[in-house]
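Go by the hints and put chains B and C onto chain A.
Chains as they are written, first to last, in this note's numbering: chain A, 2 to 323; chain B, 186 to 733; chain C, 218 to 596.
Don't take each hint at face value.
To be verified - From the derived model, a few chain C residues whose C-beta atoms are all more than 10 Å from chain A: (1) Val237; (2) Val261; (3) Leu342; (4) Thr365; (5) Pro457.
Claimed, not checked - In silico PhoX-like cross-links for lysine-lysine, where the CA-CA straight-line distance does not exceed 25 Å: (6) A:Lys313 / C:Lys357; (7) B:Lys538 / C:Lys445; (8) B:Lys281 / B:Lys270; (9) B:Lys390 / B:Lys402; (10) C:Lys469 / C:Lys357; (11) B:Lys325 / B:Lys390; (12) B:Lys270 / B:Lys402; (13) B:Lys314 / B:Lys272; (14) C:Lys445 / B:Lys569; (15) B:Lys569 / C:Lys469; (16) B:Lys270 / B:Lys314; (17) A:Lys251 / A:Lys321; (18) B:Lys402 / B:Lys603; (19) B:Lys325 / B:Lys281; (20) A:Lys321 / B:Lys281; (21) C:Lys357 / A:Lys251; (22) B:Lys314 / B:Lys325; (23) C:Lys357 / C:Lys445; (24) C:Lys445 / C:Lys469; (25) C:Lys445 / B:Lys603; (26) B:Lys272 / A:Lys321; (27) B:Lys281 / B:Lys390.
Hints in this document: simulated from the structure, not taken from any laboratory.
Where a beta carbon is used, it is the ideal one built from N, C-alpha and C, also for glycine.
Below are the chains, spelled out letter by letter.
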Amino acid sequence: MDLTTIVLILDSSVRLATPLLLACLAGLYSERSGIFDIGLEGKMLAGAFFAAAAAYWTGSAWLGLLAAIAASIVLALVHGFASITQRGNQIVSGVAINFLAAGMTALLGQAWFSQGGRTPQLGADARFGAITLPGAEALRDVPVVGEIYYELISGHNLIVYVAFLMVPLTWWVLFRTRFGLRLRAVGQNPAAVDTAGVSVPFLRYRAVVICGILTGIAGAYLAIAQSAGFIVNMSAGKGYIALAALIFAKWRPWPAMGACFLFGFLDAVSIRLQGANVPVIGEVPVQFMQALPYILTVILLAGFIGRAVPPKAGGIPYVKER
Amino acid sequence: MMSGDEVPGRMPGELDMQAPAAIALSGISKSFGAVQANRDIDLLVEEGTIHGIVGENGAGKSTLMSILYGFYEADSGDIFVRGEKRKITSPDDAIKAGIGMVHQHFMLVDNFTVLENVILGAEGGTLLKAGVSRARAELKRLEREYELQVDPDAVVGDLPVGLQQRVEILKALFRGADTLILDEPTGVLTPSEADHLFRILRQLKSQGKTVILITHKLREIMAITDNVSIMRRGEIVATLETAETTPEQLAELMVGRHVLLRVEKGEAAPGAPLLTVTNLSVVDGNGVARVSDVSFEVRAGEIVGIAGVSGNGQSELLEALSGIRPATSGEIRLADGEDLARRADPAMRRRSKLAHVPEDRHRMGLVMGFEENENAILGYHRDKAYGRGVFLDRSAIEAEAREKMQQYDIRPPDPRLKTANFSGGNQQKIVLAREMERDPDVLLVGQPTRGVDIGAIEFIHHQLVAMRDAGKAILLVSVELDEIRALSDRILVMFSGKIVGERGPQASEGELGLMMAGVTPEEGEGESAEEAQAEGEMGRASAAEPKA
Amino acid sequence: MSAPFQKLPTWVEVGVIPLVNVVVAFLVAGLVVLFIGENPLEAVKILIWGALGFGEGVGFTLFYTTNFIFTGLAVAVAFHAGLFNIGGEGQAYLGGLGVAVAALALDRYVPWWVTLPVATVLAALFGAAWALIPAYLQAKRGSHIVITTIMFNFIASSLMVWLLVDHLSPVGSMQPETRTFEAGGTLPELGGLFHLFGADMGAAPANISIFVALAACVFVYYFIWRTKIGYEIRATGLNPTAAVYAGISTVKITIVTMLVSGGLAGLMALNPVMGDQQRLQIDFVQGAGFVGIAVALMGRAHPVGVVLAAFLFGMLYQGGAELAFDMPTISRDMIVVIQALVILFAGALEHMFRPGIGRAFALMSTSQRERVVAEEERS
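Bound-form chain A, shown alone (with noise of 0.2 Å):
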């Protein structure tokens, strides 16, 4: 395996990363205020329905971006209103919002293109398109750093840098800054937050507010960044895996990362190793490296690599003792 091979996977796998993080980052901002949400998958898929169908409609990639983002906010306040005002069961919600999602995009889809849930085919100005960073085309020649520069670094889309960007600025925002701190009490113990003269709901529906805000954008990523449009069921259980990253993260940002990204490689060498032989394993079933990150993530519950453990009152409404 040479240099370019390699290089070739690692750009790769940022690419499969970036929705995975996008994701991920969003349900650590709910998880975190003591959200569960297992709808991450919904909402991403809602947001990849709209960003195609609004993109196609005003040949904007920016309009379908907002849009993306307003249908996934939509079902996060769904969310919201179930968990947070109605005090509803957050597992039961979230199975709710992901089938809604899944049933709704392919039956607007009919309705509106007629395509079988597909959206037409957008241009390329209703999409993101790769950016060149400056300097990557003159270092192109370089042996080594150029070539990373350039084929690693430089030429991806929009959305892929802002999901790495979200990382520190989720770091900053959580660690330093009155909210983060706020966020990190009230999915640790809301009655601490409400005795300090806090609103839990406001708090707790910001969280949601700036998930449905990222999972938009990932949804967005899907249909006008990475493809040409909507797919049914293009999230294809993304959103799980971004939860599962989230767990193996333990809810923190630069590990959210690390696991965004292991779950992206997977799923690069996956597609690369389709049916080759690695030396000492043998052939390697496509299945078994698919299904990796499920098993990972088993293990990492089991508690036999380490302990994940939950925002405190994650899961559970918050009632006023009397």
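What follows is chains B and C alone, placed relative to chain A:
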């Protein structure tokens, strides 16, 4: 502005002529559904005093203070802070009005540092940086002024409860509280921690702060407060100057009639030991020793009471004896002499004729979503009488339940009714009927009358004595010292996981109180002696009591 | 005590409130149809006719109903122990492997009625085995069963694809499926039964596994409400601490409940694998495991409720197909939307209408009894 004459009870007259009261409540009422928790309450708290509020559990003390702190909104009535009418509908309003509260269950974020906990909600800006350094300086100042030493960078979850409480007080003071409400602050404290707390409170008072102390412990009221208001059934029945009242008067006002401290019972005729505990120790999941090297026996025909401040290992002892919690070391033997400690299995203990009325019926003793008849067999559901093989015999279960309901006067006498629909007293009787009617040799009883009305209390006490007279061994755990003294033939005092002494039922409340505080006169050596020294203040607090 | 809701009579609690929730879910679904630009009443008419209006439609409806009874029961049983089994999909998938193993081994040698019991046992065993690992991890290692069962759905999917592609498909075939079972490995269809009523089932795949499903309902009823272990399961679900006090092992209950739940989900495979397609194919479960969540919530985790809810969803699945045919703008995905709305309103938002219904009821009722009870509660 309010004047004193609107308030029932006698107020220190001169003071309120000069300065407006720190807090004045007028006509506060609050209902939860059909339950009236507070009824037309007037209250004056003078500035710079420590004002006690006493009452039984459920008298409405905590609700009233939660209204003052904006946690609940009153249905009607007004709140005046320093003579100014304030609308307090959220804790934020209360904080702005200079009111701080230390809740019974601490409102702290375990995995945060002390500093982070203190600034939460009062960060002083969008970014944390500036607020943190300001808070650090402020904490230094508060520490000096009020004996509130605590490491600002320690993680709160690692601190002992006494220090966690200090963090709570710091939180309130950091927000500029002039009036500090403390809700049952000593329930979880060791005596030396309680002692330190009282020093802090006096310090606060001397700096001109106002303290409202909610408690059901008369000893604390007598020891530290200037004035005291007594609550009963959602109303304030009197406000008195502490110096001019007695614990007897307060007790009478609290319950509304002379307390019946005596239970009619004859001399005990103890027989052979039915429960023998030897060197029993229990370490919990976090590695904390809860019960340390405890040995005692309970004989046939006697009630042995375990007295102690809650949280000193009584709950863990009961759980270890009943097989819910594994014993770390030591032996538990019943009459047949077999050591049960090796296997923590509640079902096995029941088969060995050891029954257990748990301390908390809601959490442990009953499944509220079950029908009454289903709860009537909880723990005994595998008995042959309730069905052979894998099936339950519903009609047999119901018939028996119906019978027991009659016998124990459980109302309404409908075994198909959901348990949650019974009143507290009747729920407790369901548990007692289940555990007593199985004719056990040994009965473990925890807090048998908690949250139970007076009529049911007498019934339950009578049943316990009758069981004793039938030759059973009864181990009674209660935080109500009166109950322990009225029922027990021997009293063991538990402190910090150890049994620190044994007394007869004639032992005075003062003496038992000292022992519950870890002061053991008979072992005036080594550790205990040092502790006794440190406990001086608590000793004085108790010494104030022999009036009782 | 945390009783934020006033007490209502049982018939309001188990009758009116769930009904209102489901009705609202369907009303919102009607709005969706309106939004798409079709007439909801017309849609309902087509849907009901498609599901029940002719023999073949009824046959399909019963076929889907059978699937949903199994998966609904699976979720319901877990609910009683306070467990949320989202893994029905994967457990049913593995159950299919059990069915296939029985059918492939026996179909050439014995008649179907010998194969059926073996396939039933193996389907239940394989489904149960797939639930065992998440159950064990929850009981012993404290990992959240919702997350592990989700993960196990994906792992099951990869495992089955791998098995079907690399190991179970006949030599020379590129299709990821087993060979077609012979007569000894297939279930009789209900065509004959339909003829007794003068109906023609046409090509509908309804088969005798529906009787296995109904038997499973009876089993679940007795298991949960009449056996000692069922009593222990309910005690654990309602109050885990009290259950421990009563000497009930949480570990045992978690594992037993999940085994039964997984087994029921696994049984679902009988219907499509042995009854309909007569071979094991990729993705034969087709979301039935998830429909089970909606069915269990709507059926209030009671077998009778589950049968009714499963029938309703069976109607939706069959009628929805008809609807998609007659109203091309409304694809079958409408069913998924309805399913989502039912889960949302009957599950996550189940208490939303309670205060309103409570007020309405209080206006109607002059009885003060509830008040008295509440008053006593305080003391």
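Any hints this thing doesn't respect? Which numbers, in order?
4, 12, 13, 16, 17 and 18
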